[in-house]
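Colleague: Fit chains B and C to the known structure of chain A by using the hints.
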Amino acid sequence: MPASLHMMRRKVVNAVMLSLTGLCTLLAAGTLVFILGYLFVHGAKSLNWDFFTKLPTPVGEPGGGMANAIVGSAKLLLLATVVGVPIGFLGGVYLAEFGENMFADAVRYTTDLLNGVPSIVMGIFAYTLIVLPQRHFSTLAGGLALGVMMIPIAIRSSEEFLRAVPLSLREGAMALGASKTKAILTVVIPAAKHGILTGLMLNLARVAGETAPLLFTSFSNRYWSPGWEQPTAALPVMIFTYAIAPYEDWHQQAWSAGFVLLTLVLAVNIVARLILSKRGAAPR
Amino acid sequence: MSASSATVTGARPSGRAQSLIERLRGGDEIAYLITFASAATVILVTLLLVFELYHKSSVSRKAFGFSFLTTSIWDPVAGHFGALPFIYGTVVTSLLALLIAIPLGVGAAIFLAELAPPRISDGLTFLIELLAAVPSVIFGLLGIFILVPILRSVEPALRSVLGWTPLFQGPFYGVSLLSGGVVLAVMIVPFIISISREVILAVPGDQREAALAVGATRWETTWDVVVPYARKGIMGSIFLALARSLGETMAVTMVIGNDPKIHTSLFAPGYSIAAVIANEFTEATGDLYQSALIELGLVLFVLTMVINALARVLVATTTKKGSG
Amino acid sequence: MTRRMIWAAFAAVFSIGISSAQQVLINAAGATFPYPMYSKWFDEYHKKFPNLQFNYQSIGSGGGIQQVTAGTVDFGATDGPMNDMQLKEFKDKRGSDILHFPTVMGAVVPIYNLHGVSQQLNFTPEALAGIFLGTIKKWNDPALTVANAGVSLPGTDIVVVHRSDGSGTTYIWVDYLSKVSKEWETKVGRGTSVNWPVGLGGKGNEGVSGQVQQTPNSMGYVELIYAVQNKLGYGKVKNTTGAFVQANLGSVTAAAAGAAKDMPDDFRVSITNAPGKDSYPISSFTWLLIPSKIQDATKRKAITEFLQWMLKDGQNMTEALAYARLPQPVIAKETKAVSKIQ
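Line order of the protein sequences matches chains A, B and C.
1 is the number of the first residue of the first sequence in the working numbering; add one for each residue after it.
1 is the number of the first residue of the second sequence in the working numbering; add one for each residue after it.
1 is the number of the first residue of the third sequence in the working numbering; add one for each residue after it.
Chain A on its own, in the form it takes in the complex (with noise of 0.2 Å):
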């Protein structure tokens, strides 16, 4: 081939490649849009005072609403918060300030696995320890199932943002005479705080939206949940039980929960991530 045409097939190939990487772009970032509008359109226009305020109605008829599934997912993930946070947050100190050793090492390896174990996993892990011996579904096993996974997120990010404070400012507490304990606690923390509050959050939002673990945990429940002992409905179950079901009223639900589900999930992971993109030095 004379050289001038090998020129041109390779100018030409260089056009369509690239160009086929842009469609590429747009095809992945087009679909979030795509997903957003589409549940915007299917399920705010169903979004009525009902379905924040109302229990679910008898199958068939017509109406209700999800009250009791949005009230159980916050007792849900205020349990999982409990479990989840403070053994995460204070294994990341560990792992921070104390953690050059092997058995640091042998955290941070478990951490990764458990952060790898599948969602319906923790779900049967969560049934043998609680909901067996207990003999009842219940908030507090499917709590403890969210909470576990919540726990190497936590861990991670937030040993990654306690060693990205500079040691300057360590250096500084001690030389002012502080102990470890308290430069720790009244420096290292404190200027971390912004990204293990961000961590937290983006935490939370990938826990709020998990149905597997809640299937055999919380179960579910037509009527308000008392206390922590009773089973409890939860937003992403209601989303699975409408939507493979044959009713279009339960579709119209399902849509709606769908896009308060996705409006919440998503706005905490924008809002967490534009404070840290403001903070500047975040680690990744």
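Derived by calculation from the structure, the hints in this document are not laboratory data.
From a predicted model like this one, the values you see are computed outputs, not experimental measurements.
Please note that a few of the clues may not be correct.
Cut-off 30 Å, straight-line C-alpha distance, at most; resulting in silico cross-link-like pairs (DSSO-like, lysine-lysine) [as the list claims (entries may be wrong)]:
(1) Lys62/B with Lys231/C
(2) Lys312/C with Lys138/C
(3) Lys261/C with Lys47/C
(4) Lys93/C with Lys301/C
(5) Lys138/C with Lys62/B
(6) Lys301/C with Lys336/C
(7) Lys231/C with Lys137/C
(8) Lys48/C with Lys312/C
(9) Lys277/C with Lys301/C
(10) Lys336/C with Lys293/C
(11) Lys54/A with Lys336/C
(12) Lys54/A with Lys48/C
(13) Lys179/C with Lys54/A
(14) Lys231/C with Lys261/C
(15) Lys138/C with Lys231/C
(16) Lys179/C with Lys137/C
(17) Lys261/C with Lys48/C
(18) Lys333/C with Lys301/C
(19) Lys261/C with Lys333/C
(20) Lys231/C with Lys54/A
(21) Lys299/C with Lys238/C
(22) Lys93/C with Lys45/A
(23) Lys137/C with Lys62/B
(24) Lys54/A with Lys340/C
(25) Lys187/C with Lys62/B
Modeller: Just chains B and C, lined up with the frame of chain A:
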């Protein structure tokens, strides 16, 4: 008790007792203990998890042994349980997802890292990473009502082009291995894009400049120099995406068809490990049935653990050093 | 100010959790077959006694049996009666007997989604068995066209939809198929979960209805009310006398007529393929599974009183939802049996 401590009232004890008390007062020991205990809890919880999976699956493991992994019968009536149809469904949907997501993901990563101006690149990446935050059940919801009908209308075209392979033969119902694979592809593409973009950005500029200096086109530079340099990291992102897709439950359950059989055609319904556990766990009557499902959970756990480990090794060695 | 508001909101959410301390929450799970009926009953009963909440989750009969045996729910529900092995397992695990209480009778109907076919189809036992065995693959198979002269059936493949979960509706269906097809009985057999030769799985009666609704040229089996509420086409089935009978209150009641007289003490009986020219061949009782010993006195009172209500006032609500009420002899026998719950 240190005999050398001064006995004058009010005098501070000396030596090792002194530093212990001071450390306690400063709180360092306590801080260390509390944080150490928290860190140790992670290990304990994980060990407990593995123990429970192993222990509660013992009935099934004893009954079937290793043949559990190779049997393709799932018969609750007769009490014959085999994992093969679910392993097959899980692997096939994940591989199909990768087949779709890898070109899409690497392509987009190349665009975002090499071509797009920084602000647009950041903005688009932000949007794409948000896709990773969308809950699985919402993908399932969209899968049922949008993707499956779309696939139904696309099916004749697919069949006419690819119908000569056994992969695209047989009746098509909508819910199928194909639908499962496509949904998974959408869900894992953000991971591939995000990580691949970062490793490509990390490739040193002089590599690119050297290639351009000898006359390579932008594409040739990217494809023949930069991407191979970032190869290990990209592979890592692929393994990470694979690990995620293996464990994905809700979206797959809602579109895969729930048929515990091995069909060659992608048009046929199938079943994944996570989906069968989600569907059948609350109603597994009898110890053997439930134990078999828990054993499936154990299999899934081991599978994702191995893939995740591979992923980590690949990503770590790349972002640390560079070319492989 | 904002901090106080946050704490107030927090307390409000929390208190919603614990304020209902007077409420008695009774958890039950099981069959999807009678779910519309139970859902209505528990709702009405809650209106009558606002402090009592019966939380019934429709997860399938298999789930009902499993959860009541594991003790994670207070009572279960099934349309496939527990077999002797399951009865023994309950006794071993929970230390008491498990009692079956029939609640209503219903029918399992063959539903289909066929464009261009608006008439009601007739199904012979051979056709149904063949379709679900996978030996009859197309809608215009002779087995179907012969019974449906005058309907132009397309030559498309039949997409079979069955249950993916452990189901009493499945039990009724395969119990019937086992009675009318030797091949079915030997190849597949009876159970709440079987090894289906063909088809897609849907979760619950709801899932099968949804799947058939979404999938052209499909057919499945669901409880009658699901077909009616979702306006799905359902067919007539040929009974033992050769007549094609539609499932309705009359035909289901006719099917139970024989069994009502000879009801065994434990109420476990099958009325599929019942004799009688008006009988619908795929009918069944459905049962609540109640432990014979209930520790919690409040719950025991609530459950036994509900049962009595169900046998009187509850029976008046069945027909609106296309379930047949229990025959009088059965009600009488059951009313006596409630006292077995200690």
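Colleague: Are the hints correct? Go through all of them and say.
Modeller: Hint by hint, here is what the structure shows:
1. Lys62/B with Lys231/C: violated, 48 Å
2. Lys312/C with Lys138/C: violated, 47 Å
3. Lys261/C with Lys47/C: violated, 35 Å
4. Lys93/C with Lys301/C: Roughly 23 Å between the alpha carbons, so the hint for lysine 93/C and lysine 301/C holds.
5. Lys138/C with Lys62/B: With a Cα-Cα distance of about 43 Å, the restraint between lysine 138/C and lysine 62/B is violated, given a limit of 30 Å.
6. Lys301/C with Lys336/C: holds, 16 Å
7. Lys231/C with Lys137/C: Between lysine 231/C and lysine 137/C the Cα gap is close to 25 Å, so the pair holds against 30 Å.
8. Lys48/C with Lys312/C: holds, 14 Å
9. Lys277/C with Lys301/C: This hinted pair is violated, its Cα atoms lying about 42 Å apart.
10. Lys336/C with Lys293/C: Within the cut-off at roughly 16 Å; holds.
11. Lys54/A with Lys336/C: With Cα atoms ~39 Å apart, lysine 54/A and lysine 336/C exceed 30 Å; violated.
12. Lys54/A with Lys48/C: holds, 19 Å
13. Lys179/C with Lys54/A: Not OK: lysine 179/C and lysine 54/A at ~46 Å, beyond 30 Å, violated.
14. Lys231/C with Lys261/C: violated, 35 Å
15. Lys138/C with Lys231/C: holds, 24 Å
16. Lys179/C with Lys137/C: Distance of about 22 Å is within 30 Å: holds.
17. Lys261/C with Lys48/C: Roughly 33 Å between the alpha carbons, so the hint for lysine 261/C and lysine 48/C is violated.
18. Lys333/C with Lys301/C: The hint holds at about 20 Å.
19. Lys261/C with Lys333/C: holds, 11 Å
20. Lys231/C with Lys54/A: holds, 27 Å
21. Lys299/C with Lys238/C: violated, 44 Å
22. Lys93/C with Lys45/A: violated, 50 Å
23. Lys137/C with Lys62/B: violated, 40 Å
24. Lys54/A with Lys340/C: It is violated: about 38 Å lies between the C-alpha atoms, which goes past 30 Å.
25. Lys187/C with Lys62/B: holds, 27 Å
In terms of the numbered hints stated before, the structure departs from hints 1, 2, 3, 5, 9, 11, 13, 14, 17, 21, 22, 23 and 24, listed from lowest to highest.
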